[in-house]
Amino acid sequence: MRGLYFILITFSVLFSYENNFSNSGSGKISLQHSPEFSEISGGYTRLAKIGQGHTTEAGMPELPQFTTFYQLDPEKTYDFQLEVLDSYTIENITILPHQGMEKWEVENVNIINSEFYNSYAAFPEQNMVISERSEGRGIAFVSIQVTPYKYYPKYEKLEVFTDVEIQIIETGDNPNPQLTQPKRSRIFDEFYKGLIVNFEYSDQPEDYQAPAILYIAGGNWINNSYVQDLFDWRHKQGYIVYTYDTPTSNENTIKSYIQNAYETWENPPEIVGLIGDTDVIDCFYHDWGSGGGWNYYNGATDFDFTQLDGDDLIPEVFIGRISGQQTSVMENVINKTIQYEKAIYVDDDWFTKAALVGNPYPSGNSTIFTNQYIENMMINHGMTGVATDYDGYGIGSFVVNQFQDGILYYNYRGIYGDEGTGASSQFNNGYETPFVTTITCGTGDYDNGNSQSEGFVKMGSVNNPEGAVAAVGISTTGTHTAYNNIIDMGIYDGIFSKKLWYAGASVANGDLAILATYPSNPSGITETFIAWSNLIGDPALHLWTAVPDNFAVYHPSIISLGTTTVEIIVYNGDGDFVENARVTLLMGDDIIFSTGLTDENGEITLNWDAVEAGNMSIMAIY
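For the sequence shown, the residue numbers in our numbering are 4 to 625.
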């Protein structure tokens, strides 16, 4: 369920990316899997599947890899040991050498390490790789990557480890146990629970910080009345809202401000919203990295603002940019954001509808498979009107018609751009503004004029809204199909399966899917593709996944002067208690500001210091 005094019903969890790890307790995790085989021209056999990790050394055997993350006690050190519990051997098999990441489909085998394939050596040398320790938002963890195979090319023999156990053994005390940010975040705990195989919530409320958002405004946007309305709206939802009127556009100076907030503030920001285009808040750039022939692709990114703790690719804040240079544009974008969350200008039908496009020419059929995966996920979570276009023809008219009919999500996978359905189109969809993902070449270059993702979000006006409420695009033309597929599936996995209903969190989950698939960051590719996917819109946007249902909130209508406590009960539309709804009392300019989560009986007791008489507002969200 989710709501903003209206509650949203979601459905059973559907897990993506075939994470076969399970937590056995007592410092043990296990991995069971059954390989699938497909034949490739030339007599080669392929084991890797779309959305699944695999070895990436060009010309070497392409074998499936499985990755999970393990939460550590920050005060302890550990050893990791792998034991094979069950296995079998396949004879007379030639494993496909990895052909690169440009396309998923392999039509011809052109890259092969002949020296290895003619040798008696085994691959891989190590079946398990443990990362360096990472830190973030009050927890410490490592990634565990397992390749449950051993291939002997000269013998044409493959050992398959179908059941392995990893034992995590405490070996001593950590000489430097202090976490940079010891406070845990409930928002990030929801993010971590789908990442870490042994994740545990803390049962101590004092371990958690209060929910907090930092909006950084460039230029003179801090004084805009619509911008102030957004701040007020978020505060009513229970967030501590920090605002920073940055005197500089320099991205490094702004990051230093965020870094200090993360490290030193009592309730550091969990979400950072950048307000303004790159003329007032500059961005970072990531290229393909040295070598590889792709380093001339250089893409804009806000990803670096999220890297605040440790040498890893996991964010410490969720990021997004409310882009605009004209007052009318900025006000339009913020108005759509608030009205989308209030959900008072729309009918029920559009909350169950989506449009998916998979264009196979020339990107390959994997763009269709990706959308079919998302389609099945949406249907399994209650979306009843999922329209698709998978033949590569008539895409522009299809998308325009879908927008005009009303859709909650629009996803495009294919070749460069989005078949002309971006900012140039007129959708006339009013406040039925979807969340848009166009995960393909050149859709998100927001530092070079008006990108397609910006165009979707900026479309319309306050009096005539249309287009999207938020959009995700890729900032360069030098992208690869395999990585784009993973980001795309990961975003929707976050929204529907993992219930990451913040726009910024869902995009981060798409990035995380790449990291979980290719944790070794080969040639810097993982980091680069994470950086190139950018959110245009408010990262704190609460995404809908079904028809909103009104909360019923029980509370006294009058509280006697001198009373400093009140009991509130939250029900959904069916009359059931709502657990973990955030309820906020607000009076004036924080004369009273009290917020907390309901228990299993939908109840919460809020307290405040004695004050003078006045009117309080109540908001409940989930």
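Because the hints were derived from the structure by calculation, they are not lab data. Check each hint, because a few of them may be wrong.
Keeping only pairs whose Cα atoms sit at most 30 Å apart, straight-line, the calculated DSSO-like set for lysine-lysine is [stated by the list, open to error]:
#1 Lys-106 - Lys-31
#2 Lys-345 - Lys-79
#3 Lys-79 - Lys-52
#4 Lys-186 - Lys-31
#5 Lys-52 - Lys-196
#6 Lys-186 - Lys-196
#7 Lys-345 - Lys-239
#8 Lys-196 - Lys-502
#9 Lys-106 - Lys-160
#10 Lys-502 - Lys-52
#11 Lys-196 - Lys-258
#12 Lys-106 - Lys-52
#13 Lys-502 - Lys-345
Just so it is clear, the structure is predicted and the values come from calculations on it, not from any experiment.
Hints and how they fare:
A distance of roughly 37 Å separates the Cα atoms of Lys-106 and Lys-31; the hinted pair therefore is violated under the 30 Å criterion. For a cut-off of 30 Å, the pair hint linking Lys-345 to Lys-79 is broken: about 47 Å separates their Cα positions. Of the supplied pair hints, the one linking Lys-79 and Lys-52 is violated, its CA atoms being roughly 37 Å apart against a limit of 30 Å. Between Lys-186 and Lys-31 the CA atoms are separated by roughly 27 Å; this keeps the pair inside 30 Å, and the hint holds.
About 24 Å separates the Cα atoms of Lys-52 and Lys-196, which keeps this hinted pair within 30 Å; it holds. Between the alpha carbons of Lys-186 and Lys-196 the distance comes to roughly 16 Å, so the proposed pair stays at or under 30 Å and holds. Proposed proximity of Lys-345 and Lys-239 is supported: the alpha carbons are some 12 Å apart, at most 30 Å. Between Lys-196 and Lys-502, the direct Cα distance comes to roughly 11 Å. Compliance with the 30 Å bound is thereby established for this hinted pair.
Distance restraint check for Lys-106 and Lys-160: the Cα-Cα separation of roughly 27 Å lies within the 30 Å cut-off, and the hinted pair is therefore satisfied. Under the criterion of a C-alpha separation no larger than 30 Å, the hint pairing Lys-502 with Lys-52 is consistent with the structure, at around 25 Å. Between Lys-196 and Lys-258, the direct Cα distance comes to roughly 27 Å. Compliance with the 30 Å bound is thereby established for this hinted pair. Restraint check for Lys-106 and Lys-52: the C-alpha separation of about 13 Å stays at or below 30 Å, so the hint holds.
Of the supplied pair hints, the one linking Lys-502 and Lys-345 holds, its CA atoms being roughly 19 Å apart against a limit of 30 Å.
Of the numbered hints listed earlier, those contradicted by the structure are 1, 2, 3.
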